[in-house]
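*Asks:* Now for the letters of each chain:
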Amino acid sequence: MRRIWRGSATAALALLAAVPFGTSAGDSQRGKQLYESRCIACHSIDENRVGPAHKGVFGRRAGQAEGYDYSPAVKASRLVWNQKNLNRWLANPGKVIPGTKMGYSVSEAKDRADLIEYLKTESRG
Amino acid sequence: MSILIPNSLARRSFLSKSGLILSGTGVALLSGHDALAKSKSDSANDVDILNVALGLEHEGINAYTLGAKSGLLQKPVLDIAVRFQTDHKEHRDALAATIRKLGGKPVEEKSLAEYAKALKADTLKSQADVLELAVRLELGATNAYLGVIPSLKDVQLAKVAARLAADETLHWTILNNALGKPLPAGGMPFGA
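Residue numbers (the working numbering), protein chains in the order written: chain A, 1227 to 1351; chain B, 5 to 196.
Chain A extracted, bound-state conformation (with noise of 0.2 Å):
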């Protein structure tokens, strides 16, 4: 029984260490829908719109899409749009990067975590 157990701590560890501390793994199909139905309107995944294309956006340095006219804010940053930056980004933009032209925030950390999961998917094609 104890050694049951601590199969199952272990596997439980594991299973922790694998998910980045402050996160939860999202679901890449949900934050699909989410993505057609609440970023369609400035952004799409290869062509500049309104907003920056978000083909490869995870891991790269921000205000980097090619041929996109950022703010001077987004343009001078330094982030790196990680889990934890676009986490908190997508959170409350304003705050992260003032002087962003972004005004859009997503308020549940489920449905950030989703949208990211999503991005992480189209950023490795």
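Chain B is faced by these chain A residues, among others (derived, beta-carbon under 8 Å):
1) S1263
2) R1264
3) I1266
4) A1267
5) C1268
6) V1276
7) G1320
8) G1329
In short, the hints are calculated from the structure, not lab data. No residue lacks a Cβ here, since even glycine has one placed at the ideal position from N, Cα and C.
Starting from the known structure of chain A, fit chain B onto it as the hints suggest.
*Replies:* Using the frame of chain A, we list chain B on its own:
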């Protein structure tokens, strides 16, 4: 041109100076003196958000132009598209006037070719394709306007964003119906 002004005194003052007359259906969008009395950073924040909204309206107008020029739309859908484009032009003019009044510079419209590329207009092969694109954009615009409400520092501009969201919702509903799609399940399907 319609202007959005929440404060009746500000509205009277602005109209008397500018000679502008609100259209019958026009709305006063401009947050004149109240907004200008706020901090510069608050006004700049609101101008940036309004300029993003203006960018959306430019794109929406051009999307309807692309749809109308495609030859794929038939009456009465074509008439509806033209009517909705007129609404977006009214939004555009009101937003641009408001941005100027707040001391900002309205973002300029791009070329039709740029919008065609961004919206992948070359993939539109039928009336249903055009409607699907319009439905996507109207849904996105509805959620975008609802989503920026908490970020606007001026509560009257927040009200304006809500009114614009209502217009976009109206468009979405008609277009969704034209495609024969069902209504969303449950209440409050937008902005969540």
